[in-house]
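Chemist: Residue numbers (this note's numbering), protein chains in the order written: chain A, 237 to 427; chain B, 237 to 427.
A few of these clues could be false.
[Stated by the list, open to error] Here are some, though not all, of the chain B residues that point toward chain A, as calculated from beta-carbon distances under 10 Å:
| hint | residue |
| --- | --- |
| 1 | Gln269 |
| 2 | Glu294 |
| 3 | Thr304 |
| 4 | Leu308 |
| 5 | Met312 |
| 6 | Lys402 |
| 7 | Leu408 |
[Said to hold, decoys possible] Between beta-carbon pairs, the in silico distance windows are:
| hint | chain 1 | residue 1 | chain 2 | residue 2 | range |
| --- | --- | --- | --- | --- | --- |
| 8 | A | Asn254 | B | Gly286 | 25 to 31 Å |
| 9 | B | Gly286 | A | Val250 | 33 to 39 Å |
| 10 | B | Asn326 | A | Asp238 | 26 to 32 Å |
| 11 | B | Ser353 | A | Asp238 | 26 to 32 Å |
| 12 | A | Val250 | B | Val250 | 28 to 34 Å |
| 13 | A | Thr333 | B | Glu242 | 46 to 52 Å |
[Unchecked claim] Covered, in the sense of this in silico footprint (three residues per stretch, anywhere, with C-beta under 8 Å from a C-beta of chain B), are these stretches of chain A:
| hint | region |
| --- | --- |
| 14 | 265 to 279 |
| 15 | 291 to 304 |
In case anyone wonders, no lab produced these hints; they're calculated from the structure. For every residue, glycine included, the Cβ atom is placed at its ideal position computed from N, Cα and C.
Number of protein chains: 2
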Amino acid sequence: MDLLKEKINQEGIVLENNILKVDHFLNHQVDPQLMVAMGKCFYQYFKKHGINKVLTLEVSGIAVALPTAFYLNVPMVFAKKIASLTQDTNVYTSQVTSYTKQITYEIRVDKSYLKPSDKVLIIDDFLAKGQALKGLINLCQQAGAEISGIGIAIEKSFQSGAQFAKEAGYDLYSQVRIKGFKNNQVEFYDD
Amino acid sequence: MDLLKEKINQEGIVLENNILKVDHFLNHQVDPQLMVAMGKCFYQYFKKHGINKVLTLEVSGIAVALPTAFYLNVPMVFAKKIASLTQDTNVYTSQVTSYTKQITYEIRVDKSYLKPSDKVLIIDDFLAKGQALKGLINLCQQAGAEISGIGIAIEKSFQSGAQFAKEAGYDLYSQVRIKGFKNNQVEFYDD
Numbered sequence: 237m238d239l240l241k242e243k244i245n246q247e248g249i250v251l252e253n254n255i256l257k258v259d260h261f262l263n264h265q266v267d268p269q270l271m272v273a274m275g276k277c278f279y280q281y282f283k284k285h286g287i288n289k290v291l292t293l294e295v296s297g298i299a300v301a302l303p304t305a306f307y308l309n310v311p312m313v314f315a316k317k318i319a320s321l322t323q324d325t326n327v328y329t330s331q332v333t334s335y336t337k338q339i340t341y342e343i344r345v346d347k348s349y350l351k352p353s354d355k356v357l358i359i360d361d362f363l364a365k366g367q368a369l370k371g372l373i374n375l376c377q378q379a380g381a382e383i384s385g386i387g388i389a390i391e392k393s394f395q396s397g398a399q400f401a402k403e404a405g406y407d408l409y410s411q412v413r414i415k416g417f418k419n420n421q422v423e424f425y426d427d
Numbered sequence: 237m238d239l240l241k242e243k244i245n246q247e248g249i250v251l252e253n254n255i256l257k258v259d260h261f262l263n264h265q266v267d268p269q270l271m272v273a274m275g276k277c278f279y280q281y282f283k284k285h286g287i288n289k290v291l292t293l294e295v296s297g298i299a300v301a302l303p304t305a306f307y308l309n310v311p312m313v314f315a316k317k318i319a320s321l322t323q324d325t326n327v328y329t330s331q332v333t334s335y336t337k338q339i340t341y342e343i344r345v346d347k348s349y350l351k352p353s354d355k356v357l358i359i360d361d362f363l364a365k366g367q368a369l370k371g372l373i374n375l376c377q378q379a380g381a382e383i384s385g386i387g388i389a390i391e392k393s394f395q396s397g398a399q400f401a402k403e404a405g406y407d408l409y410s411q412v413r414i415k416g417f418k419n420n421q422v423e424f425y426d427d
């Protein structure tokens with residue numbers, strides 16, 4: 237996805253510990269034209285998968301998942317990280333460790349919004365060690381929902397998440413795949 | 237906004253303490269077609285305000301703010317509730333009390349994404365007592381940014397937030413305005 241590569245090259249910031257900061261267009265300030273282009277791109281790849289629901293994780297997945305769900309013409313569900321008083325106890329939960337934030341948190345989805353009849357496209361902004369992805373997969377498994385695909389904006393291919401997803405047999409499509417970081421520059425795989 | 241009223245009537249759930257649960261299409265499961273229709277509606281109202289940035293608050297504001305920013309063709313910035321390791325200390329912060337969640341939290345925006353030259357449209361899903369709105373206004377004031385409008389999906393007109401916004405002179409546009417709740421039904425103002 238050339239537009240996303242360009243954005244990363246122009247506006248991404250490489251930090252220590254293999255962290256790529258994309259706050260300028262994805263994680264804090266968001267480029268809505270890019271999000272819509274990414275949604276179209278996921279739609280093109282996954283449109284024949286019979287998907288009836290897009291599942292993502294708050295917060296950063298939402299802006300990518302929403303246009304994807306719009307083009308697929310299906311509901312988008314975001315798993316939550318914090319319980320609220322208006323959410324009852326009728327939920328599936330899973331544990332996720334964030335290496336960026338160095339915390340372990342619980343993610344949850346109301347059982348009303350994830351069903352055995354669902355064919356789910358999981359969308360997230362990043363795939364690194366796959367912790368958030370495993371949590372989302374786990375929620376789908378608890379619900380008995382089928383995982384019809386996994387769509388990732390930015391895959392750090394040198395970390396273990398992508399390999400895990402492929403070995404587990406999932407149809408993983410990442411819009412950009414990062415080989416590594418060198419002299420504060422991002423090296424991509426060409427697709 | 238008739239489509240939003242219909243959704244609230246069909247799928248909203250009135251809970252105790254004047255809480256309206258819209259998890260089925262806005263706050264947990266999200267209807268992307270509705271979000272796009274709402275984005276178009278905000279665009280129609282605010283398109284001549286010279287806006288160059290849409291500001292919202294994670295999490296629930298994002299899905300409404302993104303299509304709005306898309307149609308206005310400007311960046312969307314969401315204020316964050318939790319600090320992360322990839323966010324530096326160069327931020328504006330404000331305190332927000334959530335009556336739904338019964339907590340006080342800090343919201344923050346990186347100073348890079350809110351400037352004195354900005355003409356900001358603030359977007360949020362709900363306006364009740366106006367706590368989140370006051371926090372977002374406060375961030376804009378700290379940045380010296382101009383607030384060119386406030387767009388709300390669901391206004392609980394019987395609570396103090398809407399009156400505060402109007403008395404402060406802001407151009408407030410709410411897509412639905414709720415007069416009150418009666419026998420677990422929502423009563424709207426007709427506009």
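Chemist: The structure should be examined with respect to each hint, and the outcome stated for every one.
Modeler: Against the structure, the hints:
no.: 1; hint: Gln269; verdict: 7 Å, holds
no.: 2; hint: Glu294; verdict: 5 Å, holds
no.: 3; hint: Thr304; verdict: 8 Å, holds
no.: 4; hint: Leu308; verdict: 9 Å, holds
no.: 5; hint: Met312; verdict: 5 Å, holds
no.: 6; hint: Lys402; verdict: 27 Å, violated
no.: 7; hint: Leu408; verdict: 23 Å, violated
no.: 8; hint: A:Asn254 with B:Gly286: 25 to 31 Å; verdict: 41 Å, violated
no.: 9; hint: B:Gly286 with A:Val250: 33 to 39 Å; verdict: 36 Å, holds
no.: 10; hint: B:Asn326 with A:Asp238: 26 to 32 Å; verdict: 31 Å, holds
no.: 11; hint: B:Ser353 with A:Asp238: 26 to 32 Å; verdict: 30 Å, holds
no.: 12; hint: A:Val250 with B:Val250: 28 to 34 Å; verdict: 49 Å, violated
no.: 13; hint: A:Thr333 with B:Glu242: 46 to 52 Å; verdict: 41 Å, violated
no.: 14; hint: 265 to 279; verdict: holds (count 7)
no.: 15; hint: 291 to 304; verdict: holds (count 6)
Hint compliance for this structure: hints 6, 7, 8, 12 and 13 are broken, all remaining hints hold.
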